[in-house]
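Taken in sequence, the protein lines are chains V and G. Every letter in the first sequence is one number past the one before it in numbering that gives the first Met the number 0, and letter 163, counting from 1, is 162. Every letter in the second sequence is one number past the one before it in numbering that gives the first Met the number 0, and letter 56, counting from 1, is 55.
Keep in mind the hints are simulated off the structure, nothing from the lab. Being a predicted model, the structure only gives us computed values, none of them experimental. The beta carbon of each residue, even a glycine, is placed where N, CA and C say it ideally should be. There could be a bad hint or two in this list.
With beta-carbon atoms standing in for the labels, derived distance ranges [unchecked claim]: (1) L14(G) x V96(V): 46 to 56 Å; (2) V242(V) x D57(G): 47 to 57 Å; (3) D20(G) x L33(V): 39 to 49 Å.
Which chain G residues stay away from chain V? Per the calculated CB distances, all over 12 Å, these [unchecked claim]: (4) M0; (5) L54; (6) N112.
In case you want the letters, here they are:
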Amino acid sequence: MEMIEHAIRENSLVGAFAFVGLIMWISVHLSRKLTFGRVHGSAIAIVIGLALAYWGGIQTGGSKGLADLKLFAGIGLMGGAMMRDFAIVATAFEVQVDEAKKAGLVGVMALLLGTIIPFIVGASVAWSMGYTDAVAMTTIGAGAVTYIVGPVTGAAIGASSDLMALAIATGLIKAIMVMVFTPVAARFMGLDNPRSAMVFGGLAGTVSGVSAGLAATDRRLVPYGALVATFHTGLGCLMGPSVLFLATKAIVG
Amino acid sequence: MIIYGTAILAACHLLGVYIGDLLGSLIGVKANVGGVGIAMMLLISARVYLHKRGLMPDTTEAGVGFWAAMYIPVVVAMAAQQNVVAALKGGPVALISAIGAVLLCACTIALINRTGPKRQDSAWQTGTVAEES
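From just these sequences and the hints, can you work out the full model?
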């Protein structure tokens, strides 16, 4: 047993491939046997991943879920930003250029709305819960855009680290909700063609939420959503500390 | 050779991220602005260009296709390393803001998609690695 552990630790990325393969295998079978294919295998796999991340976080007290356990360090590499972005870029190979071009403008509109709507919601909730100064409202509002925009904005306008932690938590909950509920709400949102996937990518925000949500809904829609969603964080970091902060300040003083 | 495909993919990725960083510093943002999206557009143009000149044999495509197919497993690994504990500890402000934002965005998505043009075009469904249902 100890030797197996040693082998996995020495070859952490290979171990992660085997482990994720196992999760996928279990998920596909659960999907077929338990839900008769109604719930996508990848959706189940993502929920299992999140549950394992919770368990790992409780076990180690770290911030990287399952990847903080030494045995599963490879998960950190396999699911890290580098591999995630590499795989996302690779999916662009399947994009039908005409489809993407047709939806370009609506994608940009969705991006703008996807920054402003969550910001207003976040800032209003913060205000109603007693965070009435412009810095706190802006930081929490930015956190509702994505969990990267929150701390970046907070740092730029001089928010305390508590506020930034709150903003990160807000963004994380949003990302996790998008991952889990996208397949459930796919029909309601009309998510069944490239144009709708681009609208979704702009409005739902967070690359992780969008990419996992679309993967669990229809793998073929992933590149269209991701193409738009990758501009989300950049736009949020641009607007958060500038336009949105100034607007908030103008309103609450 | 299969590595040609992977190398083209890697080159587009790096160039895209570089341009994204450059854009970020140009407009004074401490973040990468759309690097991955730019990389995707570079890869799309590279594919179209090489296809037209007949420089894209199947093996080269397989070098990209493999990584595209690895996408879902990578996302599962990503899910397994989210800071779920911190997210759940955020308290009511974080929870209510997140739920509110997601609900309102979902309704906006539904609104835009339902008012959009109806199309029966289904060319997008025949992707290169999409067959694995």
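**Q.** In rising order, the numbers of the hints this structure does not comply with
**A.** 1 and 6
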